Amino acid sequence: MSPILTARDVTKTFGVQPALRGVDLDLHEGEIVAVRGRSGCGKSTLLHCLSGIIRPDGGQVHFRGERLDDTGEAHRSELRRTRFGVLLQHGHLVAELTAAENVALPLLLGGGSRRAALAAAATWLGRLGVAEAAEQIPGRLSGGQSQRVALARAMVTQPEVLFADEPTGALDSLAGELVMQLLTRVAREQGTAVVVVTHDATIAAYAERELVLRDGAVDPTGLGVAVGTGA
Amino acid sequence: MSASYVLLGLLARGPMHGYELKHAYDQRLPRAKPLAFGQVYSTLGRLERDGLVTQAGQDQAGGPERTTFAITGEGRAALEAWLSDVEAPAPYVTSALLSKVVVALLVADPARATEYLSAQQQAHTTRMRELTRLKSDQDLTVGDHIAVDYALTHLDADLRWLQSALHRVADLHREVRS
Ligand SMILES: Nc1ncnc2c1ncn2[C@@H]1O[C@H](COP(=O)(O)OP(=O)(O)O)[C@@H](O)[C@H]1O
Ligand SMILES: [Mg+2]
Numbered sequence: 001m002s003p004i005l006t007a008r009d010v011t012k013t014f015g016v017q018p019a020l021r022g023v024d025l026d027l028h029e030g031e032i033v034a035v036r037g038r039s040g041c042g043k044s045t046l047l048h049c050l051s052g053i054i055r056p057d058g059g060q061v062h063f064r065g066e067r068l069d070d071t072g073e074a075h076r077s078e079l080r081r082t083r084f085g086v087l088l089q090h091g092h093l094v095a096e097l098t099a100a101e102n103v104a105l106p107l108l109l110g111g112g113s114r115r116a117a118l119a120a121a122a123t124w125l126g127r128l129g130v131a132e133a134a135e136q137i138p139g140r141l142s143g144g145q146s147q148r149v150a151l152a153r154a155m156v157t158q159p160e161v162l163f164a165d166e167p168t169g170a171l172d173s174l175a176g177e178l179v180m181q182l183l184t185r186v187a188r189e190q191g192t193a194v195v196v197v198t199h200d201a202t203i204a205a206y207a208e209r210e211l212v213l214r215d216g217a218v219d220p221t222g223l224g225v226a227v228g229t230g231a
Numbered sequence: 001m002s003a004s005y006v007l008l009g010l011l012a013r014g015p016m017h018g019y020e021l022k023h024a025y026d027q028r029l030p031r032a033k034p035l036a037f038g039q040v041y042s043t044l045g046r047l048e049r050d051g052l053v054t055q056a057g058q059d060q061a062g063g064p065e066r067t068t069f070a071i072t073g074e075g076r077a078a079l080e081a082w083l084s085d086v087e088a089p090a091p092y093v094t095s096a097l098l099s100k101v102v103v104a105l106l107v108a109d110p111a112r113a114t115e116y117l118s119a120q121q122q123a124h125t126t127r128m129r130e131l132t133r134l135k136s137d138q139d140l141t142v143g144d145h146i147a148v149d150y151a152l153t154h155l156d157a158d159l160r161w162l163q164s165a166l167h168r169v170a171d172l173h174r175e176v177r178s
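First to last, the protein sequences are chains A and B. Sequential numbering of the first sequence, starting at 1, is according to the working numbering. Sequential numbering of the second sequence, starting at 1, is according to the working numbering.
Treat the hints as calculated values from the structure; they're not laboratory data. Some hints could be false.
Unchecked claim - For each label pair, taking beta carbons as the anchor points, the in silico distance ranges come out as:
(1) A77(B) - G126(A): 47 to 53 Å
(2) E132(A) - Y116(B): 47 to 53 Å
(3) T126(B) - G143(A): 29 to 35 Å
(4) G143(A) - V103(B): 23 to 29 Å
(5) L83(B) - G143(A): 31 to 37 Å
(6) Y150(B) - G129(A): 24 to 30 Å
(7) E130(B) - A122(A): 31 to 37 Å
(8) D57(A) - E130(B): 37 to 43 Å
Here the structure is a predicted model, which means the values were calculated and not measured. In this text, a Cβ means the ideal position worked out from N, Cα and C, and glycines have one as well.
Please put together the full structure from these sequences, using the hints given.
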């Protein structure tokens, strides 16, 4: 089966600092892939290029055969809203809205009715075990609850790809475990492919395979550092 | 041996047959090295000889697997003493992993070292994935979870240590060259 998302020789430089130096990645339907490597190796930059948040300087990114890297922001943001889900380290929930309204937001922005959007939000909050948080504002939620609400918001549009950047980075280990278990369970149930960025081996272990970056390039040894050469 | 204390701990909750004990043991420590029936009876024999357990009757059916054992006062005291005795943190690190990584990083040529370290990391990662998959199993008991966490945490510690060793050596080379 052909991959749904591909990166070919993707490069990105900030100023004079190369962040990505020719990365290839094939993401298949429903697959869960971890991207690992030490801080600053380019994990987040890769995720941003894959999800169309930024445009790479060189190389190509294709989603279901459509080229992403040279399309305009309007189209990329439409894709992000309808076919991709994004989960970051801190949920970035809208502080003034209730959890249910936060989850309903992507559907409302897509032009859905308020009633249908809130019903879908309630379903997702229930699936992720935070139904009781529905009417709370984010400030009243624990870290683990917030991340589950953010996960509900990322999944409510039934995305084809979920991009998660250090999704448990701010949680204690049991709360993080719960978020990862729920994330992988709902992704498998929905057939959503996942790219999860993490520096943590216990989180990467939820994926089916991993890609290790070293200084902006894929490290085939998986070690993330050159052995004994100082590179 | 800690298996005998686990049996004493189980008996502290009430008398049991050897057969029940074996199952209770496997249930509480599901990912530990399984306890053979023979080992249950030989351990019970030793505990009885030492006065830590006593025979508390036979079921109708009879036979050795139907003998009920109960913990004695001395047994409770022994269990209490064992629990109060803090495990000494290992004074020396002894592990084949340590030896191999040291040889790989400090003695072997870089290509050979990379090959071994990469394969070792891969093996650890694969095992961590298997254990993580087990954790998502809905029917896991608390005992299962605790034992799987124990294994996962130790594998993760190995990997973290391996990473810092790799970076220390890389930094050292960088300093030497500059
Ligand atoms: N917006 C930016 N402006 C300048 N430099 C950046 C920017 N984003 C990332 N970088 C740099 O690019 C490199 C890779 O960063 P990043 O992808 O965030 O790494 P990671 O997520 O693996 O920690 C780093 O050296 C970082 O400082
Ligand atoms: Mg990052």
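Going through the hints against the structure:
no. : hint                          : verdict
1   : A77(B) - G126(A): 47 to 53 Å  : holds (51 Å)
2   : E132(A) - Y116(B): 47 to 53 Å : holds (51 Å)
3   : T126(B) - G143(A): 29 to 35 Å : holds (30 Å)
4   : G143(A) - V103(B): 23 to 29 Å : violated (43 Å)
5   : L83(B) - G143(A): 31 to 37 Å  : holds (34 Å)
6   : Y150(B) - G129(A): 24 to 30 Å : holds (26 Å)
7   : E130(B) - A122(A): 31 to 37 Å : holds (36 Å)
8   : D57(A) - E130(B): 37 to 43 Å  : holds (39 Å)
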